[in-house]
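> One letter stands for each residue in the lines below.
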Amino acid sequence: MRSDKNTSAPLGLKIAAGAGLAFLHLPILLIFLYAFTTEEKSYQFPPPGYTLQWFAVTWNRPDVWAAMGLSVRVAAISTAIALVLGTLCAAAVSRTKFFGRETISLLVILPIALPGIITGIALRSAFSFAEIPFSFWTIVLGHATFCVVVVYNNAVARFRRVSGSLIEASMDLGADSFQTFRYIILPNIGTALLAGGMLAFALSFDEVIVTTFTAGQQSTLPIWMLEELVRPRQRPVTNVVAMVVVLLTFLPILGAYYLTRDGDQVAGAGK
Amino acid sequence: MSAVVDTSILARREGASGRLSDFFWRNPKILLLLMLTPPLLWLGVIYLGSLFALLLQSFFSIDDFSGLINYEFTLATYRQLLIPSNFDIILRTVVMAALVTLASAIIAFPIAYYAARYAKGKWKVIFYLGVMLPLWSSYLVKVYAWKLILAKEGIITWALAKLNLLWLLEAWLSLPVVGGSSLSISYTGTFIVFIYVWMPFMILPIQAALERVQGNLIEASADLGGNPAQTFRYVLFPLALPGIIAGSIFTFSLTLGDYIIPQIIGSSRLFIGQAVYAQQGTAGNIPLAAAFTVVPIVIMGLYLWMAKRQGAFDAL
Amino acid sequence: MTAVLFQQVSRHFGAVRAVDSVDLAIAEGEFFAMLGPSGSGKTTCLRLMAGFEQPTSGHIEIFGETAEGVPPYRRNVNTVFQDYALFPHLSILENVAYGLMVKGVGKAERLKAAEEALAMVKLPGYGTRRPGQLSGGQRQRVALARALVNRPRVLLLDEPLGALDLKLREQMQEELKSLQKSLGITFIFVTHDQGEALSMADRIAVFNDGKIQQLGTPEEVYKRPKTRFVADFVGSSNVLPPDFVASLGFGNSHASLRPEDITLGEGPGRKPFSGRVVATSFLGAANRVTVEAAGARVAAMVPASLAVPAQGETVTLSFLAEDLHQMDATP
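Protein chains in written order, with this note's numbering: chain A, 1 to 271; chain B, 1 to 316; chain C, 1 to 331.
Chain A with its partners taken away, still in its complex shape (with noise of 0.2 Å):
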């Protein structure tokens, strides 16, 4: 909306929109300060007293690691099929027009509007009854399922600005397909895929809800803190990890909006 008068805004638009905003930050600030807790037994506000202690816990945590190292491999290979799968379905549907369009973008975004349980339960029965044994590959196969919407939403804002006569130009002049995808479409796309890429890590490295159906007996990390939510152990470490994960999870959200700040910012918001 754009007013091109320089009005400033109600006040008590000022205060709703203001406490809104720290409504969604205070928590995640809290994270930051339990984690420097003396306390051990219980949730208690204020702290009694300030520690480093915890950090060096954590760090000797093997159990901590193995979630971690196996988080960071899901992630790492759902997002290079997401890559694959989200960008050859935004050219075709970019670049030409066919009957089915609408459908496929249903299809793509179906794994995201559908509760997330229901996907975990789908593919849960389909590897039982496929008789397929829980392992790596079946945590995978469900996240990259829903992490191609991401890269897909993210490929398809930016081919929408690459103009039509840019690849005409490149055939004009004398490339063929292969040349023309190589120096200019890449190019041109690429930064838009590597924040789709970047925000397909963030959601898989977070996952839960799928994850437990497709699991079997491994942890990646959510799932490794979901049992600590359920069942407590070692309170001050699942502190530490909760802070380090927020700080992680920052760090690809940044960097995807560093990517696509002029112009496509809207594409990380169907998450």
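It is worth saying that the hints were derived from the structure and are not from the lab.
Since we're looking at a predicted model, the values are computed, not measured.
Keep in mind that a hint or two might mislead.
Computed cross-link-like contacts, EDC-like style, restricted to lysine to aspartate or glutamate with a CA-CA straight-line distance of at most 20 Å [unchecked claim]:
| id | chain 1 | residue 1 | chain 2 | residue 2 |
| --- | --- | --- | --- | --- |
| 1 | B | K29 | C | E68 |
| 2 | B | K29 | C | E53 |
| 3 | C | K223 | C | D165 |
Given the structure of chain A, go ahead and fit chains B and C onto it with the hints provided.
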């Protein structure tokens, strides 16, 4: 210059890539098909296939004695959904999802409106990241944060004690339905956490819808004598509606299917997600679990169909 | 030799006949204009030459070689796009060298050729900039250099001056003309601006509804429009209805008469007619006087030095019989 030739038609480039390029240029439909095949195989066959297989199971039943699935077509499982204890679960979940959506829209609107109309330059960026960062932050960490906040010894109790308002909390918790022995094991707690986790999904679509409204429409309404309430009712709200509906697709759907939040923060009464989880896991009753998942699918199907008619997809 | 030949070429989009059985022969070294309103088929014809579209039926030759079925990247034809289509991620020099790069010309050689091409369009030393840092006129020159560096046998220009302001447009018209003369390359350009077509082209094809209405030199098209459409579209000719033409002693058909060929008052050897003044407007060097005569509206250019008749006044006008041009029956 070696590239200069006298012919008007250049020779085809040597090798397979030249031939392939010409082939794709002549047959763009084959190229399209090749591009669509991998994603369609993945999403259309594996994903949709699993979904349909699941739905199919809801038409089977479980043998009460052996605990094995009886592969005969029956609607008995669906009838089971209607028995009071199961129907309560559905009703509870849908009411909760509706309330969460409504509350999210109310909290999100001022943020989206401010960001769309008044925030400029640096503030626009701050608002955008201010919404994106919590939206993308870890789901479990967010739930965990509220476990800290709502705990009996947590910050809310502490703040109310400092303000001498503990009696207010106790009065609220003694209410039927919304109350409980502490905030973290009450519907109130579940409700707050649902809003916190899903509300950010409401802000960006509303903002996108409002960005498309010219600022002078608001001024035109004021100019024609509309007071702020009338301007909101007749101008702003109808224009923001597609955005609200688009956002509500997320808040509604995500609340419908969530089983972790009510498990960690809430009373022991089940939501659809928990019922599905329990039926497929400990109870081993896949047909009933599948029938339960059909409920959100049908509700979301209706919802998406309605949203499409309202043109909400343009605001996604 | 014929540079571009169209034989009964049609291009249909569903039920729309964008190009409808067009025959066309453009000679080597010609500066050729395709003029018409939007949707008349002129741009589709250009895209058929470039290879972005394929004919639904008919035959296209470029310098005697069959062109249909040949992809754009294998045609020795280059295009200057309406929006210039400069690659935003490449520098100006890389943009200009692109065509040579994809054809496998060595780096030193292609950069040297690109520098020369930039100098030719009067942008030497601009190579390191990005397209976003240039003005509209400069981008247009880069687009020209990027096409010409490939030494195409035909250069296609799609509304080449459409995005420029008036002054720049006039300057570019002259530059394009002299560039074409010195290079000797066949230039084919599409425009909806009749002034541009008349001042630059050796020959003009006037398009309407997917068909060529008239093909001729600028003078022929301007002075002797074949159809009412051409008379209407090219300039501001009076189109006189058949009964009015007959009443002046000519055959019973539509005819065109240029306003500047009509004078106030009678003269020796001139055909007189009278009419009532309905409107006058001042155009600087002349006044445009519109009269109603026997049911027809006729505009005349009256030099500013002469007095302007008042509205409602009945005046006598005259013209030379040879300036009246009778047209085909087709609309």
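> Work down the list of hints and note, for each, if the structure agrees.
Going down the list of hints, with the structure as the test:
The hinted pair formed by K29(B) and E68(C) meets the criterion: a straight-line CA distance of about 19 Å does not exceed 20 Å. Of the pairs offered as hints, the one joining K29(B) and E53(C) holds, with about 15 Å between alpha carbons and a cut-off of 20 Å not exceeded. The hinted pair formed by K223(C) and D165(C) fails the criterion: a straight-line CA distance of about 28 Å is larger than 20 Å.
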